[in-house]
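Q: Using the sequences and the hints, build the whole thing.
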Amino acid sequence: MQAVEIGKQLANKHFIHHVFGDDDFKDGNHFYRFLEHEPFIPKCFNFRGSTNDGQPKPAAKVGEKITKIMSAILEAYASDDRCHVDYIGISNSEEFRRQVHIFFVCFPCLLFSICLQYVNLTQELHRINLGELSPDQRLAFFLNLYNAMVIHAIIRFGHPEGIMDRRFFSDFQYVVGGYPYSLSTIKNGILRNNRRPPYFLTKPFGSGDKRLELALSKVNPLIHFGLCDGTRSSPTVRFFSSQGTETELRSAARDFFQSVGMDVDLDKRTVHLTRIIKWFDSDFGQEKEILKWIMNYLDATKAGLLTHLVSDGGPISISYKNYDWSMNS
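All residue numbers for the sequence shown refer to full-length UniProt numbering, where the first residue is 1 and numbers rise by one.
Keep in mind that the hints are not guaranteed to be accurate.
Okay, derived cross-link-like pairs now, DSS-like style, lysine-lysine, Cα gap no bigger than 25 Å in a straight line [said to hold, decoys possible]: (1) 268 x 302; (2) 57 x 68; (3) 302 x 278; (4) 321 x 302; (5) 268 x 292; (6) 288 x 302; (7) 302 x 292; (8) 210 x 43; (9) 43 x 65; (10) 292 x 218; (11) 288 x 268; (12) 278 x 268; (13) 292 x 321; (14) 268 x 321; (15) 302 x 61; (16) 278 x 321; (17) 278 x 203; (18) 288 x 278; (19) 292 x 278; (20) 278 x 218; (21) 288 x 218; (22) 203 x 218; (23) 288 x 321; (24) 57 x 43; (25) 43 x 203; (26) 210 x 57.
Worth flagging that the hints you see were computed from the coordinates, not collected in a lab.
A: Here is the structure:
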């Protein structure tokens with residue numbers, strides 16, 4: 001019995017998992033393996049040879065540390081408006097070439113220290129308890145984790161080539177709370193309540209997947225303007241606080257629609273929208289409702305133009321902009 005109790009503790013703390021994903025450790029003819037032997041581990045770029053065996057820190061605290069460190073990195077290596085990030089300068093450094101699997105080991109002095117902090121911090125994600133996060137904390141945590149992972153993935157692989165770039169969005173992963181998370185599973189599985197990604201036939205999580213328990217109960221379309229994929233057509237990179245995430249997402253949406261996310265051509269009675277809305281149209285609703293919804297996030301000039309089109313009763317065409325997948329460097 002003592003051995004079974006020890007086994008249960010090891011399983012609950014994600015040192016070992018049942019090979020077929022059963023929840024509880026049981027006595028009998030069952031097969032278990034260490035976390036580092038899971039088939040997904042080779043794709044997890046925050047795993048450096050062994051499981052972090054320290055006492056897991058509260059997930060909210062780890063998330064706050066990620067936000068603090070990444071904000072410091074952006075202060076030094078992004079433009080003031082966050083539209084441009086110096087990925088090339090980072091990836092060409094001698095230290096990064098020597099430590100190609102380690103994120104951001106490429107800066108002198110203070111920034112070198114900050115980025116080593118990030119490397120160590122990502123290992124604290126291995127066994128954290130994501131279930132202790134409130135819905136608001138979970139939203140901020142996964143928004144921030146996504147944006148941090150994108151920067152890491154770009155330095156490791158380069159920018160994504162398209163919406164279906166499996167290497168970038170699916171094969172680049174972190175192990176978090178004992179399970180693998182890719183950019184796609186974070187966006188579509190957690191933040192979009194387990195909805196299918198564009199052009200895919202299946203949902204990220206099956207009915208028995210433990211990660212499904214963490215999926216947000218409702219889809220907030222504003223998430224799409226808080227996620228940066230490192231390209232010129234994406235929203236700018238930013239990090240969020242768990243106390244003010246909704247307000248900060250609204251600000252992100254306003255910034256995006258006032259820059260590259262939307263334009264109005266009065267002569268042609270056409271509204272040009274970001275292709276993000278086309279890809280994730282199930283999150284935004286019908287086109288007429290989309291235009292009314294967008295009105296909340298426009299400056300006075302664009303809002304006036306759109307109001308004129310919507311209110312005069314004439315036909316309105318909606319077109320979707322080509323997406324520029326070149327890097328936001």
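Q: For each hint, tell me whether it holds in the structure or not.
A: The hints, checked one at a time:
no.: 1; hint: 268 x 302; verdict: 15 Å, holds
no.: 2; hint: 57 x 68; verdict: 16 Å, holds
no.: 3; hint: 302 x 278; verdict: 20 Å, holds
no.: 4; hint: 321 x 302; verdict: 17 Å, holds
no.: 5; hint: 268 x 292; verdict: 19 Å, holds
no.: 6; hint: 288 x 302; verdict: 17 Å, holds
no.: 7; hint: 302 x 292; verdict: 13 Å, holds
no.: 8; hint: 210 x 43; verdict: 19 Å, holds
no.: 9; hint: 43 x 65; verdict: 23 Å, holds
no.: 10; hint: 292 x 218; verdict: 20 Å, holds
no.: 11; hint: 288 x 268; verdict: 17 Å, holds
no.: 12; hint: 278 x 268; verdict: 20 Å, holds
no.: 13; hint: 292 x 321; verdict: 19 Å, holds
no.: 14; hint: 268 x 321; verdict: 15 Å, holds
no.: 15; hint: 302 x 61; verdict: 40 Å, violated
no.: 16; hint: 278 x 321; verdict: 9 Å, holds
no.: 17; hint: 278 x 203; verdict: 18 Å, holds
no.: 18; hint: 288 x 278; verdict: 13 Å, holds
no.: 19; hint: 292 x 278; verdict: 16 Å, holds
no.: 20; hint: 278 x 218; verdict: 19 Å, holds
no.: 21; hint: 288 x 218; verdict: 21 Å, holds
no.: 22; hint: 203 x 218; verdict: 16 Å, holds
no.: 23; hint: 288 x 321; verdict: 18 Å, holds
no.: 24; hint: 57 x 43; verdict: 24 Å, holds
no.: 25; hint: 43 x 203; verdict: 20 Å, holds
no.: 26; hint: 210 x 57; verdict: 20 Å, holds
When the structure is compared with the earlier hints, a violation turns up for hint 15 alone.
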